[in-house]
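Protein sequences, first through last, are from chains V and H. Residues in the first sequence are numbered from 1 upward in steps of one, following the working numbering. Residues in the second sequence are numbered from 1 upward in steps of one, following the working numbering.
Note that these hints are calculated values from the structure, not bench results. Some hints here could point you the wrong way.
Claimed, not checked - In silico DMTMM-like pairs for lysine to aspartate or glutamate, Cα to Cα no more than 20 Å straight-line:
1) K233/V - D301/V
2) K417/H - D41/V
3) K417/H - D58/V
4) K123/V - E96/V
5) K370/H - D399/H
6) K417/H - E49/V
7) K123/V - E49/V
8) K383/H - D41/V
9) K195/H - D185/H
10) K383/H - D401/H
11) K416/H - E67/V
12) K150/H - E106/H
13) K195/H - E106/H
14) K217/V - E206/V
15) K370/H - E348/H
16) K195/H - D233/H
17) K150/H - E172/H
18) K351/H - D391/H
19) K416/H - E206/V
20) K416/H - E49/V
21) K150/H - E86/H
Below, each chain spelled out in residue letters.
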Amino acid sequence: MLAYIARRVLATIPVMLIVAFFVFSLLYLAPGDPAAVIAGDQATPQDVERIRASLGLDRPFVVRFGEWLWRIMQGDLGVSIFTNLPVSHMIAQRIEPTTSLMLITITLAILIAVPMGVMAAWKAGSWIDRGVMAFAVFGFSVPVFVTGYLLAYIFALQLEWLPVQGYTPLSQGFWPFLENLILPSIALGSIYIALIARITRATMLEVLAQDYIRTAKAKGLGSRGILFLHALKNAAVPISTVIGIGIALLIGGAVVTESVFAIPGLGRLTVDAILRRDYPVIQGVVLLFSFIYVLVNLGIDLLYTVFDPRIRY
Amino acid sequence: MKRRDILRGSAALAATAGLSAPAVSQGVAANRLLRFAPQSNPGSLDPVWTTAYVTRNHAFLVYDTLYGSDADLAVSPQMAAGHVEEDGGRTVIVTLREGLKFHDGEPVRAQDCVPSITRWWRRDPMGQAAAAATEEVTALDDRRIRFRLKAPYPRLISTLAKPSNGLYIMPERVARTDPFQQITDYTGSGPMRFKRDEWITGQIMVYERFADYRPLATGTPSLTAGPKVMNLDRIEWRILPDAGTAAAALQAGEIDWWEQPQVDIQPLLRRNRNIVVDVQDPIGLVSALRFNTLHPPFDNPAIRRAVIAAVNQQDVVIAINGNDPAGYTTGVGWFTPGTPLANNAGLEAFKSSIAAGRAALQAAGYRGEKVVFLGPTDILAPKAASEVMGDVFRQMGFDTDYQAMDWGTVLQRRSKKEPPTQGGWSALCTSFAGYDFLDPLVHSQVRGHGDQAWFGWPNVPRLEELRTQWLAATDLPTQQRLAAEIQAAALEAAPGIPLGHYKQFTAYRRNLTGVLKGIPVFWNLRKG
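Bound-form chain H, shown alone:
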């Protein structure tokens, strides 16, 4: 072969390559295509089977809900046309809007909604409470769902409207799947259809607009309430596990929206005039420390309270979310700041003083028992909080064994009830979505039912008594008073400690408008 032949061949190859443009995204106008980098790679696509937030975000694209919640957590009908109460509130009948369709073209019927409800409420804590209050849920006909309640349950509709890990309507054949098994059919009822044929796990998830979706005719879009009008034809979720790469991709315009930019990269993005960095969800997250109350030293409430005295919430939230005051709140108790039950009861226990904590620890009779602190290495917020609190423990004088491990190992270790020196644990830090701390019904950290309680297994009967009273309360002032008592009791018994509230930032290209606050949703968005 001569050199000229090689050159001729190369030219032909290059010409061929130029002609074959990628099939992906072909035929979609640039302003109708959104490329989004989610917080992580969704493992499972079943929002009942797993509670991962990234799967929840996927679910809001693919599935619709009976009711929605706006940014002020006010509830309004979504797939439902409305509901009526009968029999003094012991019967609630929800009627579906007309013309709703699944992605396979079949109509959405009450017979689909009932198994969707019963599958979901076997897994969801708030749903479980509604299930316990319900005698029977049935489809009266294609459009009407009837709840027969054991007693009037005013929280039923707000439960159905739960904005995080909520109730998604699936076809009956899918919804009949055991809630502890994964679904394999992703036929949805929401504004976008999941393109399973283009799904490459760990690289890309594709959604295309569902032409037969019927958004509400009126209202204002807010969180999961109001009309879900899609101005995009195609959404591509690009899985970018490396923060540096995601930042570069956003700057280069290879993606339009990066859900959760890392704190240390945000200044770089803020300097770019084409990028907006903003608080995504005002509800935010609450960082929390949890004690294992089964074993010394934290079987002693006075020792647990000593730690509260030493905690400086600002140190924790700045470590997690940076020092932009828009991104954090301190002086935070056990209820999400800015929501109706947030209060200051018991917060005087926080002295933000290592010396005060050390003195309280000595007074409490600490005898030098080893403290095993589980420190995750691969989940940013719990990692930062753990490092701060591990240092607080050491400064207070605890014999601290800080064990760094990946999150998967933390999750397994925290379920062990053995003593810390025999593979168990003493303390750990994690974060909860603000939605999980709205009220005592769903709140896992202000429970005290021993073996049945969240990891750490505190036995605090007073907390359970107050929760029962709160569940029976129907007016907001009484609920607020009881919430304050619960918080005070929780800080007295100290099964854990609230470490502060933070709001995650999001970053997107400036040509993207209509980004709604709250969990990342894609209706109302426009791309210029």
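Only chain V is shown next, with the shape it has when bound in the complex:
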């Protein structure tokens, strides 16, 4: 197992290199010019050229890519063109809000969606099942920003229970931290809850039709034991796969959620950087996201062995 983990971790290096090359190439080919953004509307073409030269953007692709790669290999993500701050510092500032948002969303989603999916499968065809499926369709259909605005309108503006926007670090108190993340997590989690609930239901329906479930029933095992000890454990592999895949969905959704609730996370950092063509920041964040995604997939693969002892690496 350890050898497998080591192999997988090592395999991330070529993956990250390929990602780095693609990110750099795409940004090189993409239209847009940070020098023009910096120079402003009154600047002459000559001013723009001088700024471009001062930023080193007039040098050939190979030289720029080589320098960037060399710095990356030394752990240096570079400096933001606009803020003049190290990209690693900007990411470090933003990683806590995004991680907090994602962790709370995932926890919330799993805690709500898995029991919902199990109950829907157990009571297949009943009003509970239809209710869960209706919720799932609703969750899928309503965009995150609409859910976000609705929640803010009801719980922040009308009821005044929670703040409209912002983020408070955990270090400044648990409740201030949590109150800022409740609405965003629900908004972001709605699609995720729908996705996991549907997959849980479908997988559970399949598992509940298996012979060993019938055997368990014949032995007189209670419903709770059958559902959660036997059926859910066997349904866990596809569910955890979906949770892993869903993290990519969550990263995309976080961009919108962070904008709606003014959370200073990595999603907003990415959007701001893209609009300004702040290349070092875009490259750094995309690399980080790719790395997280590779690690999440590795984690999910390892979880398979926990849920299904027949799986060996």
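Since the structure of chain V is already known, use the hints to place chain H on it.
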């Protein structure tokens, strides 16, 4: 673990959470703390390196200026005690007020001002003109700055008082930074100190009152002139990129002032009795269309003039700023309405008639060349103006290829001189601050110096001749006459078209008083 243990643990956790209030804003009385949502997230904090207006607004908090301009654009000393002219106006000596300090406690000296001036005037168009007129600028001693001019230059002091993207005084060590490189030290000279340790890009920027700042003892605060008295101890700029969220935050009292509420949200805010929606800057902005004069069809001035006939400025400004007449002006030429050089010369070319435009287009010999219109999607005013003008182009009969793209891409595309069918462009819309259209010295849209001109590169020698005459004119009537001639010539050659003037609205909580008109400044403000 038993259920009772969990409940006990939860209660303890909740109690702990309640005790740990946020450190941010702690210790500042509510009426001494202002939460402000700026128009955008300031990328750079160097007001010389970038001309972004949001960075300019930051700069007026952190840095002071030698001279200020009031709302009527009258100039008065600010850090300067005054100036004297010698040698028939060829030497100007500016003397600093006593007791001025930087945020690090060091005194402000003429040796700091000189590199601040020379760094700034390498980048700023108005500063460049002053630099060209100056033989040498030196510090005579700690308090006196001497300008030795090539010839008397009456615009020197008004240049130093420029209210937008002006001259900010930085410590010598900072001001010696190459103007094409960013500064990294934000030690300022203004009424508020920037708290770099609390800066989280994209979320919050914090300023605290600089106790050693010495405002002018007398005068009336107006725009950037007069005493800059701070009645606030702490200002937090909260970056709220989403308009809906900013509106909700203002209504809920989570912010006190939202710099630029979106047009479609303003009615909602106006209905709230706790919120004031008002024109922020009477100088406003001018929307403008620009042609690429290098390639057909807009290499033909008659075709460019045909578009003027079709333009209805009201359609454009209402699309940008809503239909509140307090928010826009039509019948606008190339100089900011309400300022000394604004005039009506050449405005008869505007017929506000698609039919007239179409007829003029046919008469001008349009042969169906493709028109590539660059339409930004993420900057509201240019987006609205582009959509209106794109439709005008189509109705006139142009073969219009309206290309929607983000602003960053527009900025890059507009610098391309290739033909429109090979990655170039034909027309675009943008907005300019009214401060940029005050006179021909700073005005980029009434120039005609070909390759050196603003994007679109019009070659109109007549415009350059008139500008030279205007620069030599010393009395206002002559300047006004020449400005009228420049405007008429600019509408005849039509390198671009003024599309109307609009004033941006701002929104703040009613308990905020003393909000000055003009660019958002924070002195004189009181929070009840």
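Evaluation of the provided hints:
Our distance criterion of 20 Å between C-alpha atoms is met by K233/V and D301/V, whose separation comes to about 15 Å. For a cut-off of 20 Å, the pair hint linking K417/H to D41/V stands: about 17 Å separates their Cα positions. At roughly 17 Å between alpha-carbon atoms, K417/H and D58/V fall within 20 Å of each other, so this suggested pair holds. The hinted pair formed by K123/V and E96/V fails the criterion: a straight-line CA distance of about 40 Å is larger than 20 Å.
A C-alpha spacing of about 5 Å is found between K370/H and D399/H, which places the hinted pair at or below 20 Å, so the restraint holds. Annotation: proposed proximity of K417/H to E49/V holds, straight-line Cα distance about 14 Å (limit 20 Å). The suggested pairing of K123/V with E49/V is violated, with an alpha-carbon distance near 68 Å, which exceeds 20 Å. For the proposed pair K383/H and D41/V, the alpha carbon gap of about 15 Å is at most 20 Å, so the pair holds.
For the proposed pair K195/H and D185/H, the alpha carbon gap of about 12 Å is at most 20 Å, so the pair holds. For the given pair, K383/H sits about 15 Å from D401/H by alpha-carbon distance, which is consistent with the 20 Å threshold. At most 20 Å may separate the alpha-carbon atoms for a hinted pair to count; K416/H and E67/V exceed this at roughly 28 Å. Using a Cα cut-off of 20 Å, the hinted pair K150/H and E106/H is violated, with the two alpha carbons roughly 33 Å apart.
Between K195/H and E106/H the CA atoms are separated by roughly 18 Å; this keeps the pair inside 20 Å, and the hint holds. Distance hint between K217/V and E206/V is fulfilled; the C-alpha atoms sit about 16 Å from each other, no more than 20 Å. As the CA atoms of K370/H and E348/H are separated by approximately 28 Å, the hinted pair breaks the 20 Å bound. Note on K195/H and D233/H: the hinted pairing holds, with a Cα-Cα distance of about 12 Å set against a maximum of 20 Å.
This hinted pair does not check out: K150/H and E172/H have alpha carbons roughly 25 Å apart, beyond 20 Å. Distance hint between K351/H and D391/H is fulfilled; the C-alpha atoms sit about 17 Å from each other, no more than 20 Å. Between the alpha carbons of K416/H and E206/V the distance comes to roughly 60 Å, so the proposed pair goes past 20 Å and is violated. Between K416/H and E49/V the alpha-carbon distance is near 12 Å, which keeps this suggested pair within the 20 Å criterion.
Taking the CA atoms of K150/H and E86/H, the gap is near 13 Å; set against the 20 Å cutoff, the hint holds.
In this structure, the hints that do not hold are numbers 4, 7, 11, 12, 15, 17, 19, in rising order.
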